[in-house]
Structures are given as structure tokens and as C-alpha cells.
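Residue numbers (the working numbering), protein chains in the order written: chain A, 1 to 345; chain B, 346 to 690; chain C, 691 to 1035.
None of these hints come from the bench; they were simulated from the model.
Check the hints yourself; a few may be wrong.
Derived pair list, reagent style DSBU-like, types lysine-lysine, alpha-carbon separation capped at 35 Å [unchecked claim]: (1) K625(B) <-> K746(C); (2) K640(B) <-> K989(C); (3) K654(B) <-> K985(C); (4) K295(A) <-> K431(B); (5) K985(C) <-> K280(A); (6) K1027(C) <-> K541(B); (7) K985(C) <-> K86(A); (8) K985(C) <-> K336(A); (9) K668(B) <-> K681(B); (10) K113(A) <-> K86(A); (11) K337(A) <-> K149(A); (12) K644(B) <-> K309(A); (13) K541(B) <-> K1026(C); (14) K955(C) <-> K970(C); (15) K693(C) <-> K668(B); (16) K113(A) <-> K3(A); (17) K295(A) <-> K541(B); (18) K280(A) <-> K149(A); (19) K299(A) <-> K309(A); (20) K337(A) <-> K1026(C); (21) K458(B) <-> K693(C); (22) K955(C) <-> K839(C); (23) K668(B) <-> K1027(C); (24) K644(B) <-> K196(A); (25) K644(B) <-> K265(A).
If you want the ones that stay clear, here's a sample from chain A, every Cβ over 10 Å from chain C, calculated [what the hints assert, rightly or not]: (26) R34; (27) D117; (28) M322.
No residue lacks a Cβ here, since even glycine has one placed at the ideal position from N, Cα and C.
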Amino acid sequence: MAKNHSLGEIAALVEGQLVGDPNLVISGINDLGRATPEQISFLGNPRYVQAAKDSKAGAILVPANGELELDAAQVCVANPSAAFAKVFALFAPEPIRWETGVHPTATVAPGAKLGKDVYVGPHAVIDANSEIGDHTHIGAGVYVGHETKIGGDTFIYPNVTIRERSVIGSRVILHPGVVIGADGFGYEFQQGRHVKVPQLGYVQIDDDVEIGANTTIDRGRFDKTWIQEGCKIDNLVMIAHNVVVGAHSVIVAQCGISGSSTIGKYVTIAGQSAVVGHIKVADQVTVTGWTAVTKDIIKSGVYRGAPAKPMKESMRIEALTMKLPELYERIQALEKKLEQYEGRK
Amino acid sequence: MAKNHSLGEIAALVEGQLVGDPNLVISGINDLGRATPEQISFLGNPRYVQAAKDSKAGAILVPANGELELDAAQVCVANPSAAFAKVFALFAPEPIRWETGVHPTATVAPGAKLGKDVYVGPHAVIDANSEIGDHTHIGAGVYVGHETKIGGDTFIYPNVTIRERSVIGSRVILHPGVVIGADGFGYEFQQGRHVKVPQLGYVQIDDDVEIGANTTIDRGRFDKTWIQEGCKIDNLVMIAHNVVVGAHSVIVAQCGISGSSTIGKYVTIAGQSAVVGHIKVADQVTVTGWTAVTKDIIKSGVYRGAPAKPMKESMRIEALTMKLPELYERIQALEKKLEQYEGRK
Amino acid sequence: MAKNHSLGEIAALVEGQLVGDPNLVISGINDLGRATPEQISFLGNPRYVQAAKDSKAGAILVPANGELELDAAQVCVANPSAAFAKVFALFAPEPIRWETGVHPTATVAPGAKLGKDVYVGPHAVIDANSEIGDHTHIGAGVYVGHETKIGGDTFIYPNVTIRERSVIGSRVILHPGVVIGADGFGYEFQQGRHVKVPQLGYVQIDDDVEIGANTTIDRGRFDKTWIQEGCKIDNLVMIAHNVVVGAHSVIVAQCGISGSSTIGKYVTIAGQSAVVGHIKVADQVTVTGWTAVTKDIIKSGVYRGAPAKPMKESMRIEALTMKLPELYERIQALEKKLEQYEGRK
């Protein structure tokens, strides 16, 4: 898949000033830490200057005018990130070209409505009375349940399952293995048995949401589980029934949001964290990884720990916990002193 | 999907006494916290009286006789939960009607036996010599391996994978993406390599078990991994090889039960908790969320923390951990005092 | 599935000396803790002598010459593990026999190349220009994307999704629901929205790797996410973009390795642990379960806790944390004494 371009050609493309050999052959792009002498990288942020110095890249797009002392050749530009996007396009693999139309092995039930230029892949199933918007891609082996509505320009990767009556917006991306609309986890305990509580709601996923591989989003009990506009959810996340995730929030891999909790807008929840049920997390809260949110967070800020506390407080408690061995010694010393003292008396 | 019914009609249906406007139009049901003025809710438990007062529901089913001061209209009944079930039926979406029979795109191998009124969905595969009981539903894209036995009235959602020789009971529900019977994780380290230990057992899932989306249950090494009658397991749970989960136990999302551990009957393990391998958890134990069970639990009760301790003990340790900053100050004060004291002498 | 063999027959098979009744009928094998009187087990390690004494097995393969006092009959052999492998074969269920060839319902796109004796199961999809090596098994409902290369003797279970341009070695095992090559989780925040960063790299999985059910391995951003030779990864693990896992490392269930981190060779990471992004873990490190690795680990050894510390240090801190109630009492006692003392003065 490698392609070759001379460094001179690249400098011309980005209208940059070259400090180095224009005949150097570049065969790919990479980040500073992993680039090889045949690759070009970029310094997008001044705090990575050291990484640029340590980099084994053959060339680096830099914001300065050659005053940086680097081993690599430099292509000096006003905006290295923007310039890198152009270089990126030069080396990017050909995008996969998808046909449109319904594959002959797909199963489209009576009453299903397909928009213009829809793709339905091999062995996919579109069940009765569902609607698929224009230019939407339904990958191989996907199941779309009854009366589900999917917007336009949405891309659903293979082996996704979307149950009945889900409502999915436009420009949504669902990665392989995602499950939308499975029953919420609810039982009543009667005569020694857990009796299933019907889960009659649905899942609504608004425009521009992306959901990672094998993540599961359960349907609401009466009402909807709701992922609002622009949210980005990583792999293997669990969103329980009746949860609301506010617009433009980010939930990183393996987090779990328990039933009926409401996450605000522009919230970030880092990996492997948990939010218990029936609580609220305010707008613009950041929850660090490996954190357990056990009650309402009503003020924006950074929260951390199990149970979650404001960052500073949590860091202090952790630091003191790590110093417990010293603390015990100090207490022992105090006890000894006092004993000696009493003895002396 | 909304349907409209007058409040008078609803009161008549549940034989309740109406305190409010019989002409009020109700278009749906919801819980107290999320109901809108067009919806009806219910007060199933006296401890939610405040939630009923705060609710924006248009009407609430209540146990009292109008002596509650609520903004909402009240429908007074002997048993609000039972009455709500009737109202529930009024507003519930039409259940999806599934056909029976084998879809023409399904693949049923020679030697497979299908009971009466079985449904086998599009692109599902029933492999050789497996048996499917009466009225069981095999969703689209499901794979049922060789010599697997599935009972009657079981519902298997799309894209589930059940490997060979699994034994699955009646009235079992498997949500999308569940994997039953993958190999247990076992290796022997020989000459610098991990050599696979054959996993020749199977998985047995008894009657009335429900298993959530993308949960995985590995097969036993020699013998079976066994989920006993009436267990309810949530999404993204990992049950390792040779585990036994006793009857009527509940395991919430993202928990992991390590190899060869035995969980008692009527146990509850809340979300994101872990149980290490080769231990026993007694009957009627509750493990809170975010807990790591690292050794046998021999007495019923509530356990919490990492490592798990009895609830009270764990809460005490956590509270003291949170007070560490104060503790350090007290120690510093003691040290200072003693120093001054010695100085004075 | 049970088969019957007399204990005499079994002793002859392994050329062992029998202490017990040769006519005893054995119908299966099991480990010491779970074996029944109809089953045979083995004592592979002297530290399980007590388990052998407690075992209900009808017979046990032992290294000694009958000098162990066991309830079970004994078959004395030089190497009980090796002998057990032979007995194992006697009772093992018949292996499933898979045909080779492309199932008539599978979809193989133009330009795909299939090696000798390949199996492509029902409803599987091999997309354009991909290559499948000799004797490789592609299960039912598997999706193999464009230009993906898979080696020989690889076994891919049903409902796995492998996206375009993945590179997968020989003798690899992918369990059901695995997702290879989904997009990495990367966005730039621009004008109040998270804008997707293209993920143009791929996933490389080297020879003899095994990956558990519903595990997800994201593709690199520019370059590859790389699982090196001989790694064993359990169920529901998340490997983020650009991660490198060194040869012969083991990652247990539900762990998460964040983006761009590099795991050394012969590393073990036990269950539900996390490794943050952009760090390095040295060769031959062991990370215990329920551990959060938050910075580089540069020395081999055992690490534990959140944040991860060397085992001994972590155990000490934990033990002292558990003793906090006692510590508070000691401080209170000191304060009281000092007060009394001052009072006395």
C-alpha cells in the first residue's frame, strides 16, 4: 500500500519552506513517536517539541522557520495540522468504494421503505415497515427490526443488531457488533422468582452520533433511551434503559451508565468508569478513567476516584493513601516518645 | 405510536375513584420523574410520595383516597401497581407479530430436529443434529452449532452465536450478540509459548434464564459451565469456563466471573464487579457494584469494596480514607505539641 | 455423550499400576474438585494432594506408588499429566467434522482469492480482493472486508467482523463476535462539535494468536494496531488504535488497553485491568486483576492496584488501608493521653 513522493514535491504541495533534501523519498505518514526515516510527521503543538527532537521521522512539518534543531528535515508552514491533512490525503489508502442497491442475498420485508441510493449488504435483514433514509449504508449481516427509522447518510457496519421501533438519525455511524434496543434489565421479585418487567420503550439516537464496536444501548421501559446529537461513544460501552446522554458528550471504552441516569451536554467520561442509576451529571463535567460516580454531580469540573470526588480532593486523598506506610511510622514514633516520656516521669 | 384515552375511561378501567377532570386526555405512561402532563404515572411505594408531588404527570394512580396533595389528577385504587399493569396494556405498543416456520434464506443442516411452530429467521443457521423445542424463536443471523439442544418457548434474538453441544432450557431469552460456548481461556506454558489446553466441555443454561446483549459464557474444560434456573444476566458480562451460577441469581452489566468459581443461589452481583477464579460465593449474598471479590464468601450478607469486605466494614474504611487529610493534620498537631512540650522541658 | 471404560482398561492404556478395582466403570474425566465417583481425575501437582484426598473422583492418576491415602482408586504413573492426556482422548467428545468448500449461501466477491481446502460457512461474506490461506475456516455469518489477508490454518468462528485491509496470520483463532479493525476513537473539537479524525491504518495479527469472544481491536490511525505472535487475548477485551502487544503476551477478560500504548513481550495482564494511553509496559511484566496502569512500567515484575505499584508496595498500602479504623483509635488515644498529661500539669 506504500506510495512514494519526494520531499520537494510534498513541500510544494503544502507551500512550505523546505530545510533539507528535496530528493528524500517519503513513503508514508505517522505520528512523531512511531515515524520511521521513510515517513513524514508533524509538530501540531509546541509541547511536543521534545518528541520532534526524538523522532526518527525523515521529515517533519513544523510551524517555525528552521530554527528548531531537529535531526529530521523540516517543512516550515503556517499551520502544520492543516498542511498535514493535505499530506495525509497524498498517502491515504484508496477509500473503499461501496455500491448502492440491495444485494441479492439481503432480505427486505414487505412494507420497508428504502430511500435513494441506499446500500443493503449481503445477508442483511430489513424487517417490516422500517424506513431507511437516502444514501444510508446497511452492512452485511445487519438486522434492522420492525418499524425502525434510520436517517440519511448513516453508515451501519456489518453484524449490527437494531431492534424494533428504534429511531436513528442522519450521519450516524454504528460500528460492528453494536446492539441497539435490547430489553432493559428489570425484574420484580415474586414468590422466589425474578419476573420480567416488560420493556416497551425504544432507543433514539440523534444525528452525528458515532457508536463503537460491540457497545450495547438498551431500550427504555416506557419511554426512550436517548443519545443526543453529536455524542461519541467508544467500544464495549453499556448504556442502560432510560438513560439520556446529552448532546456532544463523549463516553470512552468499557464505561457503564446505569438505568435512568441523565448525563449532561459536553460531558466526557473516560474509560472503564461507571455511573450508578437514577442520578444526574451536569453539563461540561469530565469524569476521569477508572472512576465510579455514585451520586449527582451538579457542578461542571473534573471528577475522579471511587467514589468520584472533585479532582483536587481525590488526588490529595490518593497521595495520602500512598503515604500510609510513612504515616504509620510517625504514629509509632509518637507512641514511643510518649511512652518514654511517661516512663521518665 | 401515541394513543389517546380520557382519564375517565382509565379510571373506569381500573375501577378507581377519580379526583380530577375525567375529560383530561392521556396519551401515554411513564415513571414519576419523566412523565409529562399528557402522561399517567403511578405511586407504587409510599417512599416515592415526594416524587409524586414533584411529578409533572397529568395523572397518577395512588393508593390513598385523595388526601395526598398533588398537582396531578389522582386515580385512587387499592393496588396502584396492579392497576398500572392494566393501564400499561392500554398504551403498550402492539407486540411484534412473528411468523413461525423456517425462512427460505435460513440454513438448516441435515439431522437437525425442529419442534412445532418453531421460527427460524433469515440467514440463521441450525447446524447438524441440533434440536429446537416447540414455539422457540431463532432470530435472523443466529448460529446454532452441532448437537446443541434448545428447549421450548425460548427466544433467541438476532446475531447470537451458540456453539456445539450447548444445552439450553425452555423460556430462555438470549439478547443480540450473546456468545454461548466459546472456548475457555486456558494454556500451558511450554518452551516459551502458550499452548492451548483443549476445552471439551459445554455450556448448560437452565429454564427461565435471560442473558443480556453481547454477554459471553465460555464452555467448560471437561465438564459444563452452568447457569441455573431463573438467573438473570445483564449485558457485556463475562462468565468464564467451569463457572456455576446458582438458581435465581442476578448478575448486572459488565461483571466478570473468573474460571471455576461457584456462585450460590439468589445471589446479586451489581455492575462492573469481579469475582476471581476458583472461589465460592454463598447463597443470598449481595455484592455491590464496582467490587472485587477475591476470596470465598461463606456467609450471606452485603459485600463491597476492592477487596470485598462486609458492607459496614467497607463503608467505615472508605469513610476513614476520605478523612485522611484531617488525619494527617491531627498527627502533625500531635507531633508539634510533643515537640513544644519537650522544648519547654 | 458419556462413554464407559473400565478402570483396568484405562490403567493398561497409560501403562500404570492400579491400586483399586479394575472392574470399576469410568464414564468421564474431570478436575479433582468436580469429579464424581464415575469419573477419573489426576494429581498433576504435589500441592493438590489435599484436593485429591477431598476429591469424590472414582479414580485418580497419581505420581506416587499407592502410598497416598485416598478414597479414590489410584492409577500410579510416572507423569500423571501426560497420562491424563491419553485418558482425555478416550473420553473426549468426537471432534466436530467440518467440510471444506464454499457454502452455497456464502458470498465471495470478485477478486477474492481462496486457498486450498478453505471452508466458507453459510451466509459468510468475503469481500473484494481479500485472500484466505489454505485450510482456513471462515464460520457462518463472518464478514471479511476488502483487501484483507488471512493466513493458513486459521479458524474464524461465526459472526466475527474483520474490516478492510486487516492482516491476519496463520493458526490464528478468532472466537464469535470478535471485531477487528473498527475505527479508532479520535476526534478534534471544532466549533462546539467533535469532528471525526480519519482512521486510515489497519490491524495486524500475527501467527498463533487467539482472541476471545466479543473482543474488539481497533485499526491504527496512520499505521497499524499490532498483536504480535503467540498472544492470547480473552473475551470482551478492548485494544485501542495504534496499540502494540508484544509477542506471547496474555490479556485476560474485560481489560482495556488505551490508544498508542505499547505492551512488551511475555506480559500478563489479568482481568478487568486498564492501561492508559501513550505508555509503555516492559517485557515480562505481570499486572494483577483489577489494576490501573497509569504510567510507564520500565522493569519486569508484578504490579497491582489503582494506580499500579510494585506488588509488595501495593499490598502494604492496602493492608494499612484496611487497618485505618485501628489507626484512628491509636491517634485518638494519643490525643487523649497528651491532653490528660497537659491537664495534669
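Right, here's what the structure says about each hint:
1. A C-alpha spacing of about 18 Å is found between K625(B) and K746(C), which places the hinted pair at or below 35 Å, so the restraint holds.
2. At most 35 Å may separate the alpha-carbon atoms for a hinted pair to count; K640(B) and K989(C) meet this at roughly 29 Å.
3. Taking the CA atoms of K654(B) and K985(C), the gap is about 29 Å. The hint holds against a cut of 35 Å.
4. For the hint linking K295(A) to K431(B), the alpha-carbon distance of about 34 Å falls within 35 Å, and the restraint holds.
5. For the given pair, K985(C) sits about 31 Å from K280(A) by alpha-carbon distance, which is consistent with the 35 Å threshold.
6. Distance restraint check for K1027(C) and K541(B): the Cα-Cα separation of roughly 63 Å exceeds the 35 Å cut-off, and the hinted pair is therefore not satisfied.
7. Between K985(C) and K86(A), the direct Cα distance comes to roughly 34 Å. Compliance with the 35 Å bound is thereby established for this hinted pair.
8. For a cut-off of 35 Å, the pair hint linking K985(C) to K336(A) is broken: about 38 Å separates their Cα positions.
9. Annotation: proposed proximity of K668(B) to K681(B) holds, straight-line Cα distance about 20 Å (limit 35 Å).
10. A hinted pair counts as satisfied when its Cα atoms are at most 35 Å apart, and K113(A) with K86(A) does not qualify at roughly 39 Å.
11. Taken as a hint, the K337(A) and K149(A) pair is broken in the structure, with Cα atoms around 76 Å apart against an allowance of 35 Å.
12. Distance restraint check for K644(B) and K309(A): the Cα-Cα separation of roughly 32 Å lies within the 35 Å cut-off, and the hinted pair is therefore satisfied.
13. Proposed proximity of K541(B) and K1026(C) is contradicted: the alpha carbons are some 62 Å apart, above 35 Å.
14. Restraint check: the Cα-Cα separation between K955(C) and K970(C) comes to about 11 Å, which is no more than 35 Å; the hinted pair holds.
15. For the given pair, K693(C) sits about 63 Å from K668(B) by alpha-carbon distance, which is inconsistent with the 35 Å threshold.
16. A distance of roughly 43 Å separates the Cα atoms of K113(A) and K3(A); the hinted pair therefore is violated under the 35 Å criterion.
17. Distance check on the hinted pair: K295(A) and K541(B) sit about 45 Å apart at the alpha-carbon level, beyond 35 Å; violated.
18. Distance restraint check for K280(A) and K149(A): the Cα-Cα separation of roughly 29 Å lies within the 35 Å cut-off, and the hinted pair is therefore satisfied.
19. Taking the CA atoms of K299(A) and K309(A), the gap is near 12 Å; set against the 35 Å cutoff, the hint holds.
20. About 15 Å separates the Cα atoms of K337(A) and K1026(C), which keeps this hinted pair within 35 Å; it holds.
21. Taking the CA atoms of K458(B) and K693(C), the gap is near 24 Å; set against the 35 Å cutoff, the hint holds.
22. About 24 Å separates the Cα atoms of K955(C) and K839(C), which keeps this hinted pair within 35 Å; it holds.
23. Restraint check: the Cα-Cα separation between K668(B) and K1027(C) comes to about 22 Å, which is no more than 35 Å; the hinted pair holds.
24. A hinted pair counts as satisfied when its Cα atoms are at most 35 Å apart, and K644(B) with K196(A) qualifies at roughly 28 Å.
25. A C-alpha spacing of about 44 Å is found between K644(B) and K265(A), which places the hinted pair above 35 Å, so the restraint is violated.
26. The claim that R34(A) lies off the interface is violated: its Cβ sits roughly 6 Å from the closest Cβ of chain C, which falls inside the 10 Å cut-off.
27. The Cβ of D117(A) lies farther than 10 Å from every Cβ of chain C, with a closest approach of about 20 Å, so its non-interface assignment holds.
28. With a least beta-carbon separation of about 6 Å from chain C, M322(A) fails to lie farther than 10 Å from that chain, contradicting its non-interface assignment.
Of the numbered hints given earlier, the model fails hints 6, 8, 10, 11, 13, 15, 16, 17, 25, 26, 28; all others are met.
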